[in-house]
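Participant: As a plain string of letters, each chain reads:
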Amino acid sequence: MFNISLKNTLRPGFAGRTFKSGYRFQRYWGTPMATAFFCGETGAGLFIISMLLDFMPGIILGLLITGVGKTFFHLTHMGVPSKSWRAILRPDRSWISRGLWGIIFFVGFGSLHILGQIFGVMPEALAQPVYYLALAGAMVVIVYQGFAMSHSTAISLWSTGLMPVSSMLYGLLAGTSLITILSVFGFSAAHMDMVITVQNILLVGVLVTLISLLHGAKNGSKGAQQSYVLLTSDFLARPFLYGVVGIGVLIPLLIGLLASQNTITILVSGVCVLIGFCLFRLLIFKAGVLDPILSPADIFKR
Amino acid sequence: MTSYGMVFDVKRCIGCNACTVACKQENSLPDGVFFTRTLSAETGEFPNVSRTYLPTICNHCEDAPCEKVCPSGATWTRDDGIVMVDADKCIGCGSCAVACPYDMRTQIEETQIKAGLFGDGNLTPFEEQGYSRFECGTFTKCDFCSERVDAGKDPACVATCPTDARIFGDLDDPDSKVSRLIRDRLGRQPLPEKNTRPKVFYID
Ligand code: SF4
Ligand code: SF4
Numbered sequence: 004m005f006n007i008s009l010k011n012t013l014r015p016g017f018a019g020r021t022f023k024s025g026y027r028f029q030r031y032w033g034t035p036m037a038t039a040f041f042c043g044e045t046g047a048g049l050f051i052i053s054m055l056l057d058f059m060p061g062i063i064l065g066l067l068i069t070g071v072g073k074t075f076f077h078l079t080h081m082g083v084p085s086k087s088w089r090a091i092l093r094p095d096r097s098w099i100s101r102g103l104w105g106i107i108f109f110v111g112f113g114s115l116h117i118l119g120q121i122f123g124v125m126p127e128a129l130a131q132p133v134y135y136l137a138l139a140g141a142m143v144v145i146v147y148q149g150f151a152m153s154h155s156t157a158i159s160l161w162s163t164g165l166m167p168v169s170s171m172l173y174g175l176l177a178g179t180s181l182i183t184i185l186s187v188f189g190f191s192a193a194h195m196d197m198v199i200t201v202q203n204i205l206l207v208g209v210l211v212t213l214i215s216l217l218h219g220a221k222n223g224s225k226g227a228q229q230s231y232v233l234l235t236s237d238f239l240a241r242p243f244l245y246g247v248v249g250i251g252v253l254i255p256l257l258i259g260l261l262a263s264q265n266t267i268t269i270l271v272s273g274v275c276v277l278i279g280f281c282l283f284r285l286l287i288f289k290a291g292v293l294d295p296i297l298s299p300a301d302i303f304k305r
Numbered sequence: 244m245t246s247y248g249m250v251f252d253v254k255r256c257i258g259c260n261a262c263t264v265a266c267k268q269e270n271s272l273p274d275g276v277f278f279t280r281t282l283s284a285e286t287g288e289f290p291n292v293s294r295t296y297l298p299t300i301c302n303h304c305e306d307a308p309c310e311k312v313c314p315s316g317a318t319w320t321r322d323d324g325i326v327m328v329d330a331d332k333c334i335g336c337g338s339c340a341v342a343c344p345y346d347m348r349t350q351i352e353e354t355q356i357k358a359g360l361f362g363d364g365n366l367t368p369f370e371e372q373g374y375s376r377f378e379c380g381t382f383t384k385c386d387f388c389s390e391r392v393d394a395g396k397d398p399a400c401v402a403t404c405p406t407d408a409r410i411f412g413d414l415d416d417p418d419s420k421v422s423r424l425i426r427d428r429l430g431r432q433p434l435p436e437k438n439t440r441p442k443v444f445y446i447d
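Residue numbers (the numbering used here), protein chains in the order written: chain A, 4 to 305; chain B, 244 to 447.
So that you can see chain A by itself, here it is in the shape it has in the complex (with noise of 0.2 angstroms):
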């Protein structure tokens, strides 16, 4: 339906891998890692939700999606995945770093907490820690991606303290729609209106970040141009608009705001959500544009 190949990539302006000056695509993160990031956040967003409402479908859920779902990708990801142990080595400076020890963090007390919870062998004055230190690792999980996005100018699009916010907004956003799904199939959390109500205030947060960051991005460096040009009206515009605002954000909250809440109507907004969730972090990378090295009229400006 959409076709958003790096073939287009080959365009006016733009030098790909070739001798030219302009701008370049980054191009070294690709769908793999998009999937790892959609994963970590979704998985890290359903278990604090699921956490907070005490819903242990959703908790064990969300632990899977970033434990298995999240790791898979990365390593599919990885030039060396048999030596990725070793990224947990520089949480002083690397966002990578940071996010890996928050997910051993989540991973790690997070099975402790579903342990004790199931088979009771959790004593009294651990399971607080345990409760606490499972839930900071999540929190970390969910926006660590963002950070290490915009932790770097190499591309203006991303170089935003939007990338941490929209992290945090779409994974919490992608946990409440997992858990109407999992209610439609008889796993039902506690306070579901109170869910229904947190998901549309977050659909009207995702939409605001999403028009923030093509406002900065229109106003922002050359290469912050182009990659505002690609998601409003180049190759990429179909998918974003369509996909991202319109199937991901405004449908559900069409549905959230008019419609009455039944099985189809919450089985369809949390697949758009997901959907549009998911089209938002591939095009996000699809989008990088790295700024022309040194332009010439720069050099002869003088």
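Source of the hints: derived by calculation from the structure; they are not laboratory data. Any given hint could be a false lead.
Now the in silico label distances, taken between C-beta atoms and shown as ranges [unchecked claim]:
#	chain 1	residue 1	chain 2	residue 2	range
1	A	249	B	271	47 to 55 angstroms
2	B	365	A	85	47 to 55 angstroms
3	A	95	B	428	37 to 45 angstroms
4	B	288	A	71	54 to 62 angstroms
5	B	357	A	104	54 to 62 angstroms
6	A	114	B	371	46 to 54 angstroms
7	A	21	B	268	19 to 27 angstroms
8	B	285	A	245	18 to 26 angstroms
Covered by chain A, per the in silico footprint, the following chain B stretches (three or more residues, Cβ under 8 angstroms) [stated by the list, open to error]:
#	segment
9	338 to 350
10	419 to 428
For every residue, glycine included, the Cβ atom is placed at its ideal position computed from N, Cα and C.
Since the structure of chain A is already known, use the hints to place chain B with the ligands on it.
Facilitator: Chain B with the ligands in isolation, oriented as in the chain A frame:
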């Protein structure tokens, strides 16, 4: 303290890419991998058009984002300011590649190494001895020919440049040729707004 850097004299560069070839030869770079390139750009409108050549290379940034984001400690900076990558430590996460504003990181892919320059899997003796330095899947980049620099020589691209458009030297020595050129001809760094403090300067 020594702090190595480079100056590109854009007025002298004729775009022959001899530097590119010398670098590929010196570092046994596989097909598609370049540590330095001389880019070309057309400026102006017909009939007043001209072509400019812009040599590019890793800028060995003083505040290198590629080093800051590296989670494994594979990217590090020597005391003389050369930013290095330890292939044994690199996990191939690509964080450095998306953090480098200058697109100076390249992944060594298994297919490049296995297929060889002729694409048929039969490596030439030159490739066989050269490719042993690479770890498949890791990210690599220019190291200012650190082995040559340690031996008191210029990087291969500088030694090869037929027009002296590339000048290498100690930026911390006010009397070095690079320092004088930067001072006298108002050297400009690439993308200074990225706050990476590149140690490569352009003069025209
Ligand atoms: S030019 Fe890129 S690869 Fe080289 S030191 Fe700077 S950020 Fe790192
Ligand atoms: S690819 Fe290697 S050098 Fe680059 S950030 Fe990852 S571990 Fe460090």
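Participant: Next, verify each hint and record whether it holds.
Facilitator: So, going through the hints one by one against the coordinates:
Between residue 249 (chain A) and residue 271 (chain B) the CB atoms are about 51 angstroms apart, so this pair conforms to the stated range of 47 to 55 angstroms. Checked against the hint of 47 to 55 angstroms, the pair residue 365 (chain B) and residue 85 (chain A) fails, with Cβ atoms roughly 28 angstroms apart. Remark: the range hint 37 to 45 angstroms for residue 95 (chain A) to residue 428 (chain B) is upheld by a beta-carbon distance near 39 angstroms. In this structure, residue 288 (chain B) and residue 71 (chain A) meet the distance hint of 54 to 62 angstroms, their C-beta atoms being roughly 57 angstroms apart.
For the hinted restraint 54 to 62 angstroms between residue 357 (chain B) and residue 104 (chain A), the CB-CB distance of approximately 36 angstroms leaves it violated. Residue 114 (chain A) and residue 371 (chain B) have their C-beta atoms about 48 angstroms apart, which keeps the hinted 46 to 54 angstroms range intact. Checking the proposed 19 to 27 angstroms range against residue 21 (chain A) and residue 268 (chain B) shows it holds: the Cβ atoms sit about 21 angstroms from each other. Hint check: residue 285 (chain B) to residue 245 (chain A), Cβ distance near 37 angstroms, so the stated range 18 to 26 angstroms is violated.
Beta-carbon proximity to chain A at under 8 angstroms applies to 10 residues in the segment 338 to 350 of chain B; the threshold of 3 is reached and the given coverage holds. Taking a C-beta to C-beta cut-off of 8 angstroms, the segment 419 to 428 of chain B contributes 0 residues in contact with chain A, too few for the three needed, and the coverage statement is violated.
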